[in-house]
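Kindly generate the complete structure, drawing on both the sequences and the hints.
This is what each chain is made of:
Number of protein chains: 2
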Amino acid sequence: MRASEIRALFSVANRPEVVSLAGGMPFIEGLPLDVIGEAMDRLIRTRGTRALQYGSGQGEESLRERITEVVAMEGVEAHPDDITVTTGSQQALDLVTRIFIDPGDVIVAEAPSYVGALGVFRSYQADVVHVELDADGLVPAALEATLSRLAAEGRRAKMLYTIPNFHNPAGVTMSVERRPQILEICRRHGVLVVEDNPYGLLGFEDDPYPALRSYDADGVIYLGSFSKTFAPGYRVGFVIAPHAVREKLVLASESAILSPSNASQLAVETYLDTCDWRAQIKDYREMYRERRDALVGALAEHIPAASWNVPVGGFFVWVKLPEGLDAKSMLPRAVTERVAYVPGTAFYFDGQGSDHMRLSFCFPTPDRIREGVRRLATVVNAESELVQLFGTTAQPDDDPTDVEIPSPDLA
Amino acid sequence: MRASEIRALFSVANRPEVVSLAGGMPFIEGLPLDVIGEAMDRLIRTRGTRALQYGSGQGEESLRERITEVVAMEGVEAHPDDITVTTGSQQALDLVTRIFIDPGDVIVAEAPSYVGALGVFRSYQADVVHVELDADGLVPAALEATLSRLAAEGRRAKMLYTIPNFHNPAGVTMSVERRPQILEICRRHGVLVVEDNPYGLLGFEDDPYPALRSYDADGVIYLGSFSKTFAPGYRVGFVIAPHAVREKLVLASESAILSPSNASQLAVETYLDTCDWRAQIKDYREMYRERRDALVGALAEHIPAASWNVPVGGFFVWVKLPEGLDAKSMLPRAVTERVAYVPGTAFYFDGQGSDHMRLSFCFPTPDRIREGVRRLATVVNAESELVQLFGTTAQPDDDPTDVEIPSPDLA
Numbered sequence: 001m002r003a004s005e006i007r008a009l010f011s012v013a014n015r016p017e018v019v020s021l022a023g024g025m026p027f028i029e030g031l032p033l034d035v036i037g038e039a040m041d042r043l044i045r046t047r048g049t050r051a052l053q054y055g056s057g058q059g060e061e062s063l064r065e066r067i068t069e070v071v072a073m074e075g076v077e078a079h080p081d082d083i084t085v086t087t088g089s090q091q092a093l094d095l096v097t098r099i100f101i102d103p104g105d106v107i108v109a110e111a112p113s114y115v116g117a118l119g120v121f122r123s124y125q126a127d128v129v130h131v132e133l134d135a136d137g138l139v140p141a142a143l144e145a146t147l148s149r150l151a152a153e154g155r156r157a158k159m160l161y162t163i164p165n166f167h168n169p170a171g172v173t174m175s176v177e178r179r180p181q182i183l184e185i186c187r188r189h190g191v192l193v194v195e196d197n198p199y200g201l202l203g204f205e206d207d208p209y210p211a212l213r214s215y216d217a218d219g220v221i222y223l224g225s226f227s228k229t230f231a232p233g234y235r236v237g238f239v240i241a242p243h244a245v246r247e248k249l250v251l252a253s254e255s256a257i258l259s260p261s262n263a264s265q266l267a268v269e270t271y272l273d274t275c276d277w278r279a280q281i282k283d284y285r286e287m288y289r290e291r292r293d294a295l296v297g298a299l300a301e302h303i304p305a306a307s308w309n310v311p312v313g314g315f316f317v318w319v320k321l322p323e324g325l326d327a328k329s330m331l332p333r334a335v336t337e338r339v340a341y342v343p344g345t346a347f348y349f350d351g352q353g354s355d356h357m358r359l360s361f362c363f364p365t366p367d368r369i370r371e372g373v374r375r376l377a378t379v380v381n382a383e384s385e386l387v388q389l390f391g392t393t394a395q396p397d398d399d400p401t402d403v404e405i406p407s408p409d410l411a
Numbered sequence: 001m002r003a004s005e006i007r008a009l010f011s012v013a014n015r016p017e018v019v020s021l022a023g024g025m026p027f028i029e030g031l032p033l034d035v036i037g038e039a040m041d042r043l044i045r046t047r048g049t050r051a052l053q054y055g056s057g058q059g060e061e062s063l064r065e066r067i068t069e070v071v072a073m074e075g076v077e078a079h080p081d082d083i084t085v086t087t088g089s090q091q092a093l094d095l096v097t098r099i100f101i102d103p104g105d106v107i108v109a110e111a112p113s114y115v116g117a118l119g120v121f122r123s124y125q126a127d128v129v130h131v132e133l134d135a136d137g138l139v140p141a142a143l144e145a146t147l148s149r150l151a152a153e154g155r156r157a158k159m160l161y162t163i164p165n166f167h168n169p170a171g172v173t174m175s176v177e178r179r180p181q182i183l184e185i186c187r188r189h190g191v192l193v194v195e196d197n198p199y200g201l202l203g204f205e206d207d208p209y210p211a212l213r214s215y216d217a218d219g220v221i222y223l224g225s226f227s228k229t230f231a232p233g234y235r236v237g238f239v240i241a242p243h244a245v246r247e248k249l250v251l252a253s254e255s256a257i258l259s260p261s262n263a264s265q266l267a268v269e270t271y272l273d274t275c276d277w278r279a280q281i282k283d284y285r286e287m288y289r290e291r292r293d294a295l296v297g298a299l300a301e302h303i304p305a306a307s308w309n310v311p312v313g314g315f316f317v318w319v320k321l322p323e324g325l326d327a328k329s330m331l332p333r334a335v336t337e338r339v340a341y342v343p344g345t346a347f348y349f350d351g352q353g354s355d356h357m358r359l360s361f362c363f364p365t366p367d368r369i370r371e372g373v374r375r376l377a378t379v380v381n382a383e384s385e386l387v388q389l390f391g392t393t394a395q396p397d398d399d400p401t402d403v404e405i406p407s408p409d410l411a
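Chains as they are written, first to last, in the UniProt record's numbering: chain P, 1 to 411; chain V, 1 to 411.
By construction, these hints were calculated from the structure, which means they are not laboratory data.
Bear in mind that the values here come from a model prediction, so they are computed numbers and not experimental data.
Ideal Cβ positions, reconstructed from N, Cα and C, are used throughout, including at glycine.
Don't take every hint at face value.
FRET-style restraints, in silico, Cβ to Cβ [to be verified]:
| # | chain 1 | residue 1 | chain 2 | residue 2 | range |
| --- | --- | --- | --- | --- | --- |
| 1 | V | Cys275 | P | Ala8 | 45 to 53 Å |
| 2 | P | Ala151 | V | Glu69 | 52 to 60 Å |
| 3 | V | Thr274 | P | Ala279 | 48 to 56 Å |
| 4 | V | Thr274 | P | Thr46 | 14 to 22 Å |
Here it is as structure tokens:
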């Protein structure tokens with residue numbers, strides 16, 4: 001399937017009759033829209049000439065102050081001046097890559113990794129080398145071995161891109177023990193760490209994990225977002241970076257967009273000031289936990305021949321299909337059965353992953369999730385029968401660059 | 001002066017006691033903020049789950065439909081599918097450059113040209129060749145000669161970047177006679193035309209001029225914006241491009257930001273549907289005309305030794321200083337006298353322009369504009385005395401790349 005075919009499939013998958021386990025859209029129906037609407041009215045009436053005007057390239061200082069309070073929940077001590085506000089954290093990824101990466105440079109990332117990051121890295125002609133992860137996240141010994149091997153080959157990695165919490169797509173979380181180990185390895189090899197953390201406050205069991213940035217202010221660039229904890233429609237993300245990097249970020253952002261939206265920034269600030277955002281996050285956590293339970297319960301009931309992790313936060317379950325099945329070639333059949341997912345190949349730079357799929361539990365209700373898994377089971381069973389009769393349906397992916405699925409569906 | 005020094009100067013220039021004739025900020029105090037606030041409240045209450053969610057990479061179809069009505073005022077016949085919504089038209093510039101320009105490629109632009117575009121072109125390592133403009137805009141014979149010379153040197157230009165209406169910074173407008181001539185020259189030389197038109201509806205005298213895009217749907221990429229006709233704080237711009245380019249634009253935009261802000265897009269759509277935006281533009285035109293009159297009147301009264309054009313729309317007057325004066329080295333003294341402008345060097349790729357300055361009349365009231373010009377006259381007179389005593393104060397600009405003035409101040 002070419003990118004355009006996958007696009008066509010996903011446009012079908014957005015129809016209401018399809019249960020989409022593909023998208024990473026948060027369930028914003030849970031927000032108090034009447035309270036937010038009223039607050040936006042007041043914002044425009046009282047601070048409209050600021051909200052509707054151009055702003056600073058770095059972002060509004062008042063919002064950057066609020067952001068320091070949010071990230072303090074993960075142990076991050078930041079000054080408002082360390083922060084650059086971006087058009088979603090996707091723009092932060094784009095700017096950081098633009099600044100640090102020349103064509104041919106190596107970026108190390110988990111195997112698998114976020115499709116939107118891989119797309120950015122590819123657009124700047126980086127080479128991505130994947131490193132193994134397990135149930136405790138990125139494996140330190142594997143990272144050490146990869147960086148040493150690259151050095152021996154004369155190809156020093158410039159950057160580690162990691163999603164420590166409730167990984168997209170793998171669902172796993174880097175253990176607290178491993179965090180300083182990973183940082184020590186990167187420091188020793190002179191590798192910058194880019195910590196992408198959109199889901200960190202959405203854990204189902206524990207307090208937030210300490211961010212990598214909380215251990216090391218100089219070697220870590222932290223990417224954050226209000227898209228999952230509040231709402232993605234404002235496109236407000238941010239970067240926390242060392243001073244010299246921050247200056248480059250602001251210049252690069254001004255070149256790209258002049259300044260981030262003041263209306264959006266003040267809307268987020270108003271939300272943080274007006275609504276009980278901590279209680280809202282608690283509601284989200286409970287709601288998403290219930291949906292996770294629905295998904296893994298339905299998988300156990302209907303597709304026991306597959307295997308998966310049970311994430312302790314975030315939006316995603318990473319499913320290994322029964323032997324011989326190919327998630328990508330199975331997708332058109334799944335959409336015909338009115339269920340959608342993202343094939344695992346989207347999350348690798350090199351065409352791996354056809355035996356996996358990412359299922360997201362963030363948007364559909366628990367009942368819809370269960371119905372989606374039932375439909376998926378029909379497809380998996382039919383494919384499995386074919387495999388038993390004719391051998392594998394898997395095909396080598398000869399063009400890994402064709403996985404440009406529309407990013408908003410994969411956030 | 002280094003970029004950081006200019007930055008420091010401009011941060012002083014933003015103080016209220018300074019009359020800034022530097023920034024390109026529209027005077028949004030003229031907007032009906034109570035009506036807009038109420039409409040935003042209704043938007044969030046009734047369409048909040050859409051406004052606050054991720055959207056399409058290309059932008060909301062309902063807004064793209066409204067955009068076709070707006071650009072029809074300039075004779076542009078576009079289908080909503082031809083349009084890609086961007087985070088201000090600055091992002092459109094960035095994406096178009098990202099798609100078309102490889103390091104070393106030549107872009108032809110007016111002399112002078114928009115500083116924010118030059119910054120983007122520089123960031124993609126393009127080479128910019130300036131072409132003469134006069135009171136009727138870009139000079140066709142000069143364009144022809146430049147393109148022929150480049151071809152003879154084996155350096156084909158890929159793109160013409162032009163601001164046909166109420167040029168930033170030059171204030172001039174391309175005559176209707178010249179428009180098809182410019183297009184014909186570009187077509188013959190295989191040069192893509194990028195038409196940047198943020199001010200097109202803000203003419204003081206006539207109906208809007210026909211856009212270059214209205215003559216040629218295939219060879220022109222049109223960049224538009226709601227920043228000057230409504231409000232920049234939402235950061236909503238757009239590109240109208242041929243189909244093949246539009247597909248690339250959407251992919252590049254998804255890589256850069258996933259999707260433009262739905263909240264911002266629906267806010268603009270709501271504004272267009274709720275408020276009498278045509279009457280608002282009419283108000284803006286009258287207000288800006290009055291400010292232009294204040295500026296050129298004060299120049300004639302207080303700095304008659306300088307020369308300037310009288311723009312028939314837009315935000316800017318391009319002033320040639322009396323012989324021997326240097327706008328860049330004079331700036332610190334001007335800021336000390338509590339008046340700010342942008343030195344002409346910012347608008348050239350190659351360090352020209354030290355004998356010019358850009359004065360903007362969009363933001364200060366007529367009284368403040370007159371006061372600003374009086375202060376400027378004090379500085380110009382003092383500098384002129386120095387020139388008469390000691391010869392020129394002008395210094396060669398040995399590092400044209402240091403003109404990275406904060407872009408939001410120069411929009």
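Going down the list of hints, with the structure as the test:
1. V:Cys275 - P:Ala8: 45 to 53 Å: 38 Å, violated
2. P:Ala151 - V:Glu69: 52 to 60 Å: 59 Å, holds
3. V:Thr274 - P:Ala279: 48 to 56 Å: At roughly 33 Å between Cβ atoms, alanine 279 of chain P and threonine 274 of chain V fall outside 48 to 56 Å, so the hint is violated.
4. V:Thr274 - P:Thr46: 14 to 22 Å: With a Cβ separation near 19 Å, threonine 274 of chain V and threonine 46 of chain P satisfy 14 to 22 Å, so the hint holds.
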